[in-house]
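Enquirer: Sequence:
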Amino acid sequence: MQDRRPASAEPAVPIDPWDAPELTGWRRLPMHAVVRPDAPRVPLDGPWRFQLLPTPRTPLADRWSETDVPGCWTVQDFEDVHGVRDLPHYTNVTMPFPDLPPSPPAGRNPTGVYEREAAIPADWAGRRVVLHVGAAESVLIAHVNGTAVGVGKDSHLASEFDVTHAVRPGERNTVRLTVVKWSDATFLEDQDQWWHGGITRSVHLYATDPLHLADVGITAVPGGSLDVAVKVRGGAGALPAGWSVSGLLRTPDGILRLPADEAFAQANVASERVSDFLGEARIRATVPGVRPWSAETPHLYDLTVRLHRADGSVADESCHRVGFRRVEISGTDLLVNGVRVYFRGVNRHDFHPLTGRVVDAEEMRADLCLLKRHGFNAVRTAHYPPDPALLRLADELGLYVVDEADIETHDHAHELADDPRYLGAFTDRVARMVLRDRNHPSVVVWSLGNESDHGANHDAAAGWLRRTDPTRPVQYEGAIKDAWEEPQSASDIICPMYASIEEITAGPHSKPLILCEYSHAMGNSNGSLADYWRAIESTPGLQGGFVWEFRDHGILQRLTGDGAGRPAGPGAPADAYADGVTAPGYRWAYGGDFGDTPHDGAFCADGLVLPDRTPKPAMAEHREIAAPLRLELTPDRREARITNRQHFASLAWLSARWHIGDCGTAPARLPDLAPGESAVVPLPTSLLPHGDSHLTLRVTTARDLPWAPRGTLVCAPQVVLAEDHRDLLTRAGAVFAEDGAGAVRLDDAGLLRHPLLTAPPVLTLWRAPTDNDEWGGIAARWRAWGLHALERTLVSVGREGASVVVRSAYATDGAGTVGHEQVITPLADGGLLVDETAVLPDALTDLPRVGTVFETVAGLDTLEWFGRGPGETYPDRCAGATVGLHRADVDALFTPYLRPQESGGRHDVRRFTLTGAAAAPGIAVHLDVPRQVSVTRHRAAELTAAAHHDELVPRATCVVHLDAAHRGVGTASCGPDTLPAYRVGPGTHRWSWTLQPL
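In the numbering used here, the protein residues as written are 224 to 1221.
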């Protein structure tokens, strides 16, 4: 039957690429692992013409502004021609708009249009020309000279387009990149981070011969087996005859030439696996004497893969750094090169306080070097594939990587996990990550994504992955979250998040258990990190975990002048922040600070480092927990045992010195130990004193390393040689006054008055709630009990000999009355001995602290203390500090957590002094037993009331807390609360201290 329809009977199918979940890309080239550092290239980073439209359908204006690529328009300054005002928006789970999958908002959908000219060299004529866009959030539509060249989705992987047909070599060509912020893909990218928009990684054009390498896959294992799988294409047409491949491997003994595997080619012919347009070849070799790659010993070999034309000339080449290593699972152990390793990991987002999602290679190196210096050996790329530069750095510096696909459907998790409209997107995102990153030895585990429930789409992606790369295990928390041991195909690892110590040690387990997230680092946090690692190192099947997370996501915000309320952006002055503190006129912004709603407040401030990469105290805690060696006294306490706790390296990269208080230092000779070996070494007898003494082995790098210069602190293990058991007055060098009852001055309320104090010592049960206290619901109980506003009533004032006895009652709100007694006795040197007792009713089951607070006169600016230091410590986070004599400016004691809260404490303090100018009086305080002490410029009530640090005004005086008991910090903002051993309960609490003038 004759078709009578006109030639154009079927119109073009109308489709909006931002509202089509089945469309993952259009004319986008397949992902590959070819690396061409020397290919002809036209960089396109820098200024572009720019318009930010309110929707993708809004017409362009005649007037353009300008902005830089790469960049997030949400933090950049530009002329907002259309008045869109699209600023950063933070949510954790909830989508930033009410629309339901798969359709994004129609009324407001910020769309950036970037345009610039590119001069294409004339000698590119006849070559294949490719446009590379490193990443765009979230849909990219590319045009060259007015011709649509392709569409890409996935905000964290590159899109490449063959633009050969659209460019004009020898002329200036117009490149337009349109980026639509919200799309069907946005529902797959609901990660816990700021929402941005823009082109966030580098853009360039490059040229190849029409005959080119389409992909290179490398498998290299200890023993020297090297297998290189090569795919070849010939441009738009058939492959030319006579092409071939070869390889060059640089080894310590010279260059090894690697021919193609002819047996593989013959087998393809025999099995009829020869294509006209896709060539396949193999290079196989056994390399003698290879040194395996591991995080401790990251040995790399330079490999060049070449594609030859029929005449032998080189048409294309790809350069790689190869690490010979094997990853496998045996029972409940994940093995690297046959060895069970610990994953001392951290989750890392792409983040910078000025540029948002844009992070350059220098910043990435700084991130990873800081992690290495603090004992981390692994990174989970939460929750998307990183810039390839990060993986190259991980290969070089030595870090295990869990590479995670850009899939998180948190707000609509179970619906999308089984939605067939998103099947292609799930598989595409996993596949493109694997194809790009599989040649990196640092990548040891693939992750199917994060917090997206578990459904058929995950299983489909896992099936593709296992077929393509059987050399690495696969993990996915969503597959095991409801039943750790239940058989399933999406996770080879039990990888829970925020499981308690009790839960992870309740095995036996059927697979390796590695926590994908634990020890949530929000504010003053990471309590019980040492307890976790004691459990991990003593329980079969447990192999570590990944702390959440590396960096606080505080964006620098302008508070004054032009642009007040906006991000400071890439143009912020160099002195806008330092050491975690912002300069006047700026602050660290979190959710809601840009008018964003809905939002999740400061939940984005949950890193081990502050926004400017200043380490929080928990970093020192981890460094000591992850120490490469262990120091113990022998049973007779006359020698020390040193154990190499590493998996692959000796101790040759380390040097050490003994330190003991004021007695000096002595060189320490580390024994030559293989991993796991121990040896006994003599103690430095010349340093051993009498009395309270702690011997520290300060271990540093013995030479310059890629991640640390010579002399960088690695760890400082400490052993106790002797403890001072003398009574309080003897240690304070004090005696009672013979006739000093009149030296105790009280006011009408029975409160002590002292010339060096501006506020008398009173009982306190309150601390400025930490983020864990607030988000965990603990602070709500404290407020309900009225602990922040206790009402004191004087009960009596009496005398017992030379002592004055003050009894008071503190009324709570419905939880009973706290009885408090102070016995104040004058000392001969003008000082005072204060003995205190607090009796807490049973209803006060869980308290922040029990102790004393007072304020000193102004001018006391230096604290010297004997206790744990030098950094901040709390009862459940003190492994990273050594006991000794420490000294610091009072202003430096306070940790500027993004949201003001309890901060600056020092644990196990025996004594301290506060001094000022040489001629000014100071004070000395001795404590009956080691206690929790803090000295800051802020009252707890002031910290409680403030939302940002710019609201705080430091006092000239010192606010001093002496705690008989202080609650641990825990991780209850997202995870377990502090362990019962670190909680403060009801009953009778007693403590004593001396206050002496200096």
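By construction, these hints were calculated from the structure, which means they are not laboratory data. Keep in mind the model is a prediction, meaning the values are calculated, not measured. Be a bit skeptical, because a hint or two may be false.
Cβ pair distances, simulated, as ranges [said to hold, decoys possible]: (1) D285 <-> S467: 48 to 58 Å; (2) G330 <-> R1162: 45 to 55 Å; (3) A329 <-> T935: 52 to 62 Å.
Beta carbons: idealized from backbone N, C-alpha and C, even for Gly.
Enquirer: If you test the structure against every hint from before, which numbers come out violated?
Expert: Every hint satisfied by this model.
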